[in-house]
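Q: One-letter residues, chain by chain:
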Amino acid sequence: MKRLAALLLLGAAAAAPSALEAQTITQRGFADASLFLFAQETPNDPTREVADVLAREEIFVKPAGWLQFAAGLDLRASSHDQVDDRWRLDVADRGERRPRLALRRLSATITRGALTVDAGKQFIRWGKTDIVTPTDRFAPRDFLNVIDAEFLGVAGVRGVVQARGNTFEAVWLPRFTPSRVPLVDQRWTAVPSEAAALPLFDAGATLPDGSQAGVRWSRTADRVEFSLSLFDGFNHLPNVAVFPAPTPFGAPPALAVSRTYPSIRSYGADAALPTKLFTIKAEAAYFTSSAADTDQYVLYVVQLERQAGEWVIVGGYAGEAVTERRSSFVFAPDRGLTRAIVARASYTIGPTKSVAFEGAVRQNGDGAYARAEYSQARGQHWRTTISGAAIGGRADDFLGQYRRNSHVKASLRYSF
Amino acid sequence: MNSAVRARLLVAIAALAVALDVRAADNARQIVEEAQKRTDAASQRYEGLLQVFDAKGKIADKRWTFERLGSHGRSKAVLRFTAPAEVKGVALLVVNHPDRASDQWMWTPAIERDRRIALQDRSTRFFGTDFSFEDLEERDVDQYDFTLLGDDAIDGAACWKVQSMPRQSKSSQYTRSIVWVRKDNYAFARVESYSKSDLVRRLNYSDIRSVQGIWTARQLEMTDARRGSRTRLTLDKLEYNVPLKDEDFTLQAIRRQ
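From first to last, the protein sequence lines stand for chains B and L.
The working numbering applies: residue 1 is where the first sequence begins, and numbers increase by one.
The working numbering applies: residue 1 is where the second sequence begins, and numbers increase by one.
Chain B on its own, in the form it takes in the complex (with noise of 0.2 Å):
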C-alpha cells in the first residue's frame, strides 16, 4: 500500500505540469468537536463524558480531463484512549484504535470513454437500502460507538463499464480491511453481569491474506433500477472467540477475546421501483461460507422511501434467515439490525435547521434504539448538532445489550 501510495503521487507530480492549464484543484474538509454525555456507567467503563476531535481535509486534483487523483487525510484525538498516541501516518488504518493522524483515501480515477478505473485507498459502496445494506461488502466501518459508525476506505482497483442503461462493475482489493470494533475495556463492548468482575483482555484479531474480489451488474430501466452482485471474500465483521486468559499462578481469572474474520462469499441483489406514492427498495444477499465456525443466512430489507414537503421518510423492515448456524459469538451489527422494524425520517425547517430522527425496534420486542437530532448550520462554515440515543432492551438482544449507553451527543464542526 504505501508503494502504491508512492506510485500515485509521482504520477500526480508527473502529470500536473504537463497540463497546467486543464488542472483543476478542488478541497473540502471540516474540524469537528464532539461531546458525548452516557446516563449511565456500565460494567465494564464508568467513564460517561467522551470528547473527540477530528480534522479531516480532502484534496482533488484533475491533471486532465481523463485523470483524477484524491487525496485524504483524518487527524484525531479522543479524551477516552480512542485513538492511537503514535504520530504516524496510518496509511492502511486497520489497527484497533483510530489512528491519530490517517490517510483516508489516496487514489486515481482513469476515465477512457465508458470505462472508469479505480486505484488506490477508496471508497466503494453497493446496495440501494440505507438502514441495512446487505450487498455492501466492501464498506468496512467504524464500529467504535456502534451506532455512529463511519465507513473506512478499502485498498484495491475497481473498473466500471456503463454501456446504454447497464453497468458493469468489478472490484479487486489485494489486501483485507476490518470492520473497526468496540474496545473491550469501553461500554461499547457489552459484558455479561455475571462476567463483569472479571478482566477482559483484547487477544488481538488474526487477519486475513488473501485478496477479496466482487463484480457487479446494475441496470437502469426506464423507471425500476435493480443489480445483481457477487463478492468473494471476508466478512469485515469478526467472529469473535472468548476464553480464559492464560494468567500469573495466583492472579485473580480472567477472559480473553481474539477475532478472526471469515471467508465469505455472498450472493446479492437489489431494487429500487418509484411507485405512485412510495419508491419501494429491496435487498438481499445470500452469504455462504466455507469456515466451519461460521453462519449462512439471508439477510433481506424492504423499505419505503417517499420525499413529501421537507419530510424525507424511509422505513421498511430488516430480516434475516439463517440456513446454517455453526457460530456462536459474532460482532455483527448488520445481523443485529435484522428481524427489525427500521425507520428513518429528516425534516428540513429552513435552509440552516434540520431535525431527523431514527429508530429501530426489534420485532420480538427484545431490543430498541431511537435516536432525534437537530442540527443548525451558521454562516457559510458552522453547523451545530445536538443529538439524543436512546437504547433499550434485553441483555441477551444486540440493541439491547447497550442498554446502558443512552446519551446525548453535541457536535460543533466547522466546514472549509
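None of these hints come from the bench; they were simulated from the model.
Each residue gets a CB set at the ideal place from its N, CA and C atoms; glycine is no exception.
Some hints here could point you the wrong way.
Stated by the list, open to error - Only pairs whose alpha carbons sit at most 30 Å apart, straight line, appear in this in silico DSBU-like list of lysine-lysine:
{"id": "1", "chain 1": "L", "residue 1": "Lys56", "chain 2": "B", "residue 2": "Lys276"}
{"id": "2", "chain 1": "L", "residue 1": "Lys183", "chain 2": "L", "residue 2": "Lys237"}
{"id": "3", "chain 1": "B", "residue 1": "Lys353", "chain 2": "L", "residue 2": "Lys183"}
{"id": "4", "chain 1": "L", "residue 1": "Lys56", "chain 2": "B", "residue 2": "Lys353"}
{"id": "5", "chain 1": "L", "residue 1": "Lys245", "chain 2": "L", "residue 2": "Lys37"}
{"id": "6", "chain 1": "L", "residue 1": "Lys56", "chain 2": "L", "residue 2": "Lys183"}
Stated by the list, open to error - Derived coverage of chain L by chain B (criterion: at least 3 residues anywhere in the stretch with Cβ under 8 Å from a Cβ of chain B; other residues may be distant):
{"id": "7", "stretch": "118-126"}
{"id": "8", "stretch": "236-250"}
Take the given structure of chain B and dock chain L to it, following the hints.
A: Coordinates of chain L only, in the frame set by chain B:
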C-alpha cells in the same frame, strides 16, 4: 332572423372560434418554438450563486457549477455544489428526454452514494432552495400544448403571454404554466406555474443580455408562493458551446469531484 339562418350563423361563429383557437395555439407554439430555437446551443456552462431569502430577508448563500451538453429535451446536465463548504461535491445529474420527464440522480459524497430521484419526489425543494427538482429539468416544446393568452408587459418589455399544459400531466407537479415571452428577443421574462388554480411558483428572469448571440437572463428569481420564500440565482462566467464530453455526464462522472 329565422332559425335556419341563426343556426348557420352559430355554426359559422363556432367554426371561426375553433379556427381562431387553432391559430392561437399554432401561434403560441410557434412563439415558444422560436424561443427554444434561439437558445439552441451545443453546450452551456456557468457558475451560479444561489441566495435563499425568507420573509425576513436573506438566509443562506449556495454556489454551484452547471454544465449542460446538448439542448432542449436531448440534453444532459451536471450541477455541482461548490459552497457552502459542507455541501461541496454534492452533485445532481439530469438526463433530459424529448418524450418524457428527465432522469435524475444525486451524488452525496458524505455517504459516497448516489440516489435516483423518483418521479413522485420531484416536486420537493432542491437542497433548501425554492427550486424543485422538476424545475431543474429542461423539457422540449413537444411535451406541452400551448395557448396564446394575449399580450402583456414585464418590466416595460412587451411580451406574449402563453399558457402551456404538459401533455403527460402525471409526470409534472404543475397542471399548467403561464409563460411571458419577450417580443423583442424571444427571451423568457416570467413563468408562473400552477397546480390547478393555485399558483405554486413564479420564476422571474432579469438582467437579460446577449451572450454569444443568445439572449440569456443572468438573474433568475424563483418565488415559492405557498411558503413566501424566494431564491435568486445569478449566473456568472456564462458560456455557450464550450467543449464538453459525453462521458462527463454519467453516474460515474458525478462521483468525481
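Q: Does each hint hold? Answer for all of them.
A: So, going through the hints one by one against the coordinates:
1. Lys56(L) <-> Lys276(B): With a Cα-Cα distance of about 36 Å, the restraint between Lys56(L) and Lys276(B) is violated, given a limit of 30 Å.
2. Lys183(L) <-> Lys237(L): 26 Å, holds
3. Lys353(B) <-> Lys183(L): Between Lys353(B) and Lys183(L) the Cα gap is close to 43 Å, so the pair fails against 30 Å, i.e. violated.
4. Lys56(L) <-> Lys353(B): Status holds; Cα separation ~16 Å.
5. Lys245(L) <-> Lys37(L): 22 Å, holds
6. Lys56(L) <-> Lys183(L): 35 Å, violated
7. 118-126: The restraint on the stretch 118-126 of chain L holds, since 6 of its residues have a Cβ under 8 Å from chain B and three suffice.
8. 236-250: As far as the stretch 236-250 of chain L goes, the hint holds, because 4 residues have Cβ atoms under 8 Å from chain B.
Going through the hint list in order, the structure does not satisfy hints 1, 3 and 6.
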